[in-house]
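Chemist: Now for the letters of each chain:
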Amino acid sequence: MTIILNGTLYELGDPAMIGHLLTSLDIVPERVAVMVNDRIVPKEERNSTVLNEGDRVEVLIFMGGG
Amino acid sequence: MNVVQKLILGGREFESRLIMGTGKFASTEIMIDAIQASGTQLVTVALRRFNRERPSDDLLSPLVKLGITLIPNTSGARTAAEAVRAAMLGRELSGSSFVKVEIHPNPHHLMPDPIETYEASRELAKAGFVVLPYMSADPVLARRLEDAGCAAVMPLGSAIGTGNGLSTADMIKLIIADSGIPVIVDAGLRSPSEAASAMEMGCSAVLVNSAIAAAGHPADMAAAFATAVKAGLAARRAGIMSRSECAVATSPLTSFLTGA
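First to last, the sequence lines map onto chains A and B. With the working numbering applied, the first sequence corresponds to residues 302 to 367, in that order. With the working numbering applied, the second sequence corresponds to residues 7 to 266, in that order.
To be clear, the hints were calculated from the coordinates, so they are not data collected in a lab. There could be a bad hint or two in this list.
Here are a few chain B residues that face chain A, going by a calculated C-beta distance under 10 Å [claimed, not checked]:
id, residue
1, Thr28
2, Asp63
3, Ser67
4, Arg91
5, Ser100
BS3-like, lysine-lysine: derived pairs with alpha carbons at most 25 Å apart [as the list claims (entries may be wrong)]:
id, chain 1, residue 1, chain 2, residue 2
6, B, Lys236, B, Lys132
7, B, Lys12, B, Lys236
8, B, Lys71, A, Lys344
9, B, Lys179, B, Lys132
10, A, Lys344, B, Lys179
A few chain A residues that don't get close to chain B, going by computed Cβ distances all over 10 Å [said to hold, decoys possible]:
id, residue
11, Thr303
12, Asn307
13, Leu313
14, His321
15, Thr324
16, Asn338
17, Asp339
18, Asn348
19, Val351
20, Glu359
21, Val360
Beta carbons are placed, not taken as given, at the ideal position from N, Cα and C, and that holds for glycine.
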């Protein structure tokens, strides 16, 4: 299954929850915010939200800023 | 607002009147050292896409360890809708209700869009955020933002990163005179004396990023800013003397020297 992760194509086995995606990226879940198709997916929903072909996923962190 | 009052934002009291930005530091270690040297309790952060190649860009963990309150900003947003989304993401990630509404679509001057800023601030205040809007030093806009429910207003001293200091001093004084909420100068400060000046004129706090991050020794500069902010606040509390149109001697004028 192909999703669009942070603007680029990304291959993921399906079915896949957001939790699987974060694990495949070696991400600590508490360190990121996640949007799927412009909807924020809260931490508590990540293991029950299924990703579909073509979903636009944004995984965001805090960086330095003024 | 009477500056000798405490700094209260979102129902919490903050001892330090120096807020720091976390951008432009050469490394996370240098940033952490500067934050610790500054004594700050509040820092701004920006949201960006996670990059697998650069996992150390993530600041959440190091900042949480310091016990600092995070103020996610909405930089990158060009419209109120984008800023509101960024704020929601920031709250989801940090658990903090603080948000710096920062909407500057033109990268050449980075001036904040007053209309989008007002719209975003109003919506976010209604949604329960502690809204700190970055704005031009416009007294009319400041009043509108206060009425819309912002927790403070953050007028710029001069354009971000220019180090042109308190070029908006006259406007900031007008904002302070009419404001019922804290006024926090944000952007353009270059040296600690300017931060002291801002506090003396009645600001409740200052937000400093470039002046510390781009200093020769950021931690030392952060400490210097902290000292200056304390001095400015103490001076204001001590009652700064008035100006006089003409000279007023401090030593008695006597005639014995003239032989009269």
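Chemist: Find the hints from earlier in the document that the structure breaks and name them by number, from lowest to highest.
Modeler: 6, 9, 10, 12, 17, 20 and 21
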